[in-house]
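> Sequence:
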Amino acid sequence: MQIQVVKSKIHRVKVTGADLNYIGSITIDEDLMDAANIIQGEKVHIVNINNG
Numbered sequence: 001m002q003i004q005v006v007k008s009k010i011h012r013v014k015v016t017g018a019d020l021n022y023i024g025s026i027t028i029d030e031d032l033m034d035a036a037n038i039i040q041g042e043k044v045h046i047v048n049i050n051n052g
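Numbering-wise, our numbering puts 7 at position 7 of the sequence shown, and it's gapless, one number per residue.
If you're looking for bench data, these hints aren't it; they were derived computationally from the structure.
Idealized CB from N, CA, C, for every residue including glycine.
Please note that a few of the clues may not be correct.
Said to hold, decoys possible - Below 27 Å or equal to it, Euclidean Cα-Cα: the simulated DSSO-like pairs (lysine-lysine) are:
#: 1; residue 1: Lys9; residue 2: Lys43
#: 2; residue 1: Lys43; residue 2: Lys14
#: 3; residue 1: Lys7; residue 2: Lys43
As the list claims (entries may be wrong) - Now the in silico label distances, taken between C-beta atoms and shown as ranges:
#: 4; residue 1: Glu30; residue 2: Met1; range: 14 to 22 Å
#: 5; residue 1: Asn51; residue 2: Thr27; range: 33 to 41 Å
#: 6; residue 1: Gly41; residue 2: Leu20; range: 17 to 25 Å
#: 7; residue 1: Asp31; residue 2: Lys7; range: 15 to 23 Å
#: 8; residue 1: Met1; residue 2: Asp31; range: 13 to 21 Å
#: 9; residue 1: Asn48; residue 2: Met1; range: 27 to 35 Å
#: 10; residue 1: Asn50; residue 2: Met1; range: 33 to 41 Å
#: 11; residue 1: Asn48; residue 2: Tyr22; range: 19 to 27 Å
#: 12; residue 1: Asp19; residue 2: His45; range: 28 to 36 Å
#: 13; residue 1: Ile10; residue 2: Asn51; range: 15 to 23 Å
#: 14; residue 1: Ala35; residue 2: Val5; range: 17 to 25 Å
#: 15; residue 1: Met1; residue 2: Leu32; range: 29 to 37 Å
#: 16; residue 1: Ser25; residue 2: Met1; range: 24 to 32 Å
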């Protein structure tokens, strides 16, 4: 059995880019990714704090 675990969290960050031709594509500042220990290609959850 495999479970998914969230290991990092970045609060109140604005997504600065996305490729509309690639579903699921986002751009996160590399410094933020390093600070949160997130690597390129890793699965992330994006949550809108205004509507959950």
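> Just pull the numbers of the violated hints for me, sorted ascending.
Numbers 4, 5, 8, 12, in rising order.
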